[in-house]
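Participant: Residue numbers (numbering that gives the first Met the number 0): 0 to 340.
Do not take every clue at face value.
To be verified - Subject to a maximum C-alpha distance of 27 Å in a straight line, what follows is the list of computed DSSO-like cross-link-like pairs (lysine-lysine):
1) Lys63 - Lys80
2) Lys139 - Lys16
3) Lys39 - Lys278
4) Lys179 - Lys63
5) Lys179 - Lys39
6) Lys63 - Lys175
7) Lys78 - Lys137
8) Lys63 - Lys139
9) Lys137 - Lys63
10) Lys220 - Lys78
11) Lys175 - Lys39
12) Lys16 - Lys137
13) Lys76 - Lys179
14) Lys146 - Lys39
15) Lys175 - Lys76
16) Lys16 - Lys39
17) Lys139 - Lys175
18) Lys63 - Lys278
19) Lys220 - Lys146
20) Lys16 - Lys76
21) Lys179 - Lys80
22) Lys63 - Lys76
23) Lys80 - Lys146
As the list claims (entries may be wrong) - For each label pair, taking beta carbons as the anchor points, the in silico distance ranges come out as:
24) His17 - Gln97: 22 to 28 Å
25) Asn38 - Pro260: 48 to 54 Å
26) Pro260 - Gly34: 24 to 30 Å
Don't read these hints as lab results, they were simulated from the structure. All residues carry an ideal CB built from backbone N, CA and C; glycine is no exception.
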Amino acid sequence: MKHQETTSQQYNFSIIKHGDISTPQGFTAGGMHIGLRANKKDFGWIYSSSLASAAAVYTLNQFKAAPLIVTEDTLQKSKGKLQALVVNSANANSCTGQQGIDDARQTQTWVAQQLQIPSEHVAVASTGVIGEYLPMDKIKTGTEHIKDANFATPGAFNEAILTTDTCTKHIAVSLKIDGKTVTIGGSTKGSGMIHPNMATMLAFITTDASIESNTLHQLLKSSTDHTFNMITVDGDTSTNDMVLVMANHQVEHQILSQDHPQWETFVDAFNFVCTFLAKAIARDGEGATKLISVNVSGAKSISDARKIGKNYRKFKSSKISYFWRRCQFWSNHYSYWLQRM
Numbered sequence: 000m001k002h003q004e005t006t007s008q009q010y011n012f013s014i015i016k017h018g019d020i021s022t023p024q025g026f027t028a029g030g031m032h033i034g035l036r037a038n039k040k041d042f043g044w045i046y047s048s049s050l051a052s053a054a055a056v057y058t059l060n061q062f063k064a065a066p067l068i069v070t071e072d073t074l075q076k077s078k079g080k081l082q083a084l085v086v087n088s089a090n091a092n093s094c095t096g097q098q099g100i101d102d103a104r105q106t107q108t109w110v111a112q113q114l115q116i117p118s119e120h121v122a123v124a125s126t127g128v129i130g131e132y133l134p135m136d137k138i139k140t141g142t143e144h145i146k147d148a149n150f151a152t153p154g155a156f157n158e159a160i161l162t163t164d165t166c167t168k169h170i171a172v173s174l175k176i177d178g179k180t181v182t183i184g185g186s187t188k189g190s191g192m193i194h195p196n197m198a199t200m201l202a203f204i205t206t207d208a209s210i211e212s213n214t215l216h217q218l219l220k221s222s223t224d225h226t227f228n229m230i231t232v233d234g235d236t237s238t239n240d241m242v243l244v245m246a247n248h249q250v251e252h253q254i255l256s257q258d259h260p261q262w263e264t265f266v267d268a269f270n271f272v273c274t275f276l277a278k279a280i281a282r283d284g285e286g287a288t289k290l291i292s293v294n295v296s297g298a299k300s301i302s303d304a305r306k307i308g309k310n311y312r313k314f315k316s317s318k319i320s321y322f323w324r325r326c327q328f329w330s331n332h333y334s335y336w337l338q339r340m
């Protein structure tokens, strides 16, 4: 499909119509049904044709599921480098002890063998029912089809990661860095059990920009703090969820850092993608029919503004979804309002 771009005067980037996780150069994505869910896709993957800088942030739940433990360890060992990610739905591989960790590592090995890359360059993610072991025969079947062009569509990936979601959630934007076109794509799942500091939510972001892993991690952490970690649907938390980003350097420009003259342009585009995905999750809360954003002005600090805004969040019985749009602070005057979206 040929992508179309829509440029808004308020942005220094363009929103790509039908943009997706594989819109950036060098990325492919796919998904298929392996039997974890009834008649629905339940196994997906992202692959970069070149080694990518990578970073991730994880749930603050005191218990991390096996896939998060393995992915975090993998990123540490690879010094922030990845080339592929696989994710299954319907089974969280959480509270499964050492066997769960072994199963996640076995999944890495199978994927690495198919793609002929080191296993430490493969991330794993899972979402779904807690406390059940992965049916590894079915997982192996999925890994054996990663290179099959019949399943290599971003739409299939978007569907494969869903659980209680009512729709897929994805976006891509393009911008100019050193006169060259850079693209950022994203896909997420999440519906119900969403609460600040990551819960029952997976988000994946790709870019063909040239940026080192440490810089990418700092950017991701900052963006996550004021996007994904500022939404709530139920006030619940989870063991599984993370936001992961890969940058494969396929657009050759000056390495992005805070010293780059167009750093803020890239940051704005990256934050826009995260904001779009976070709002998409909030809109898709189980039983939610309204999206409400809270603006807080007059707080003495960003931290105070967030605390004030979050006092509005926990209406579990009515299943209201919130996205805390901004936390602005002005002198000593406080004002609060709810803006219906």
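Participant: Determine for every hint whether it applies to the structure shown.
Facilitator: For each hint, the structure was consulted:
At roughly 21 Å between alpha-carbon atoms, lysine 63 and lysine 80 fall within 27 Å of each other, so this suggested pair holds. In summary, the hint linking lysine 139 to lysine 16 is not supported, as the alpha carbons are separated by about 34 Å, beyond the 27 Å threshold. At roughly 25 Å between alpha-carbon atoms, lysine 39 and lysine 278 fall within 27 Å of each other, so this suggested pair holds. A hinted pair counts as satisfied when its Cα atoms are at most 27 Å apart, and lysine 179 with lysine 63 does not qualify at roughly 40 Å.
For the hint pairing lysine 179 with lysine 39, the CA-to-CA distance comes to about 39 Å; that exceeds 27 Å, so the pair is violated. In summary, the hint linking lysine 63 to lysine 175 is not supported, as the alpha carbons are separated by about 38 Å, beyond the 27 Å threshold. In summary, the hint linking lysine 78 to lysine 137 is not supported, as the alpha carbons are separated by about 31 Å, beyond the 27 Å threshold. A distance of roughly 23 Å separates the Cα atoms of lysine 63 and lysine 139; the hinted pair therefore holds under the 27 Å criterion.
Using a Cα cut-off of 27 Å, the hinted pair lysine 137 and lysine 63 holds, with the two alpha carbons roughly 23 Å apart. A threshold of 27 Å between alpha carbons decides the hint, and for lysine 220 with lysine 78 the separation of about 17 Å falls inside it, so the pair holds. At most 27 Å may separate the alpha-carbon atoms for a hinted pair to count; lysine 175 and lysine 39 exceed this at roughly 38 Å. Note on lysine 16 and lysine 137: the hinted pairing is violated, with a Cα-Cα distance of about 35 Å set against a maximum of 27 Å.
Taken as a hint, the lysine 76 and lysine 179 pair is broken in the structure, with Cα atoms around 32 Å apart against an allowance of 27 Å. Of the pairs offered as hints, the one joining lysine 146 and lysine 39 holds, with about 20 Å between alpha carbons and a cut-off of 27 Å not exceeded. A hinted pair counts as satisfied when its Cα atoms are at most 27 Å apart, and lysine 175 with lysine 76 does not qualify at roughly 33 Å. At most 27 Å may separate the alpha-carbon atoms for a hinted pair to count; lysine 16 and lysine 39 meet this at roughly 26 Å.
With a CA separation close to 41 Å, the supplied pair lysine 139 and lysine 175 exceeds the 27 Å bound. A threshold of 27 Å between alpha carbons decides the hint, and for lysine 63 with lysine 278 the separation of about 25 Å falls inside it, so the pair holds. Annotation: proposed proximity of lysine 220 to lysine 146 is violated, straight-line Cα distance about 32 Å (limit 27 Å). The suggested pairing of lysine 16 with lysine 76 is violated, with an alpha-carbon distance near 37 Å, which exceeds 27 Å.
A hinted pair counts as satisfied when its Cα atoms are at most 27 Å apart, and lysine 179 with lysine 80 qualifies at roughly 24 Å. A distance of roughly 18 Å separates the Cα atoms of lysine 63 and lysine 76; the hinted pair therefore holds under the 27 Å criterion. Under the criterion of a C-alpha separation no larger than 27 Å, the hint pairing lysine 80 with lysine 146 is consistent with the structure, at around 21 Å. Checked against the given bound of 22 to 28 Å, the beta carbons of histidine 17 and glutamine 97, roughly 43 Å apart, lie outside it.
Hint check: asparagine 38 to proline 260, Cβ distance near 51 Å, so the stated range 48 to 54 Å holds. Evaluation of the 24 to 30 Å hint for proline 260 and glycine 34 yields a failure: the beta carbon distance comes to about 51 Å.
The structure fails hints 2, 4, 5, 6, 7, 11, 12, 13, 15, 17, 19, 20, 24 and 26 (numbered hints given earlier, in ascending order).
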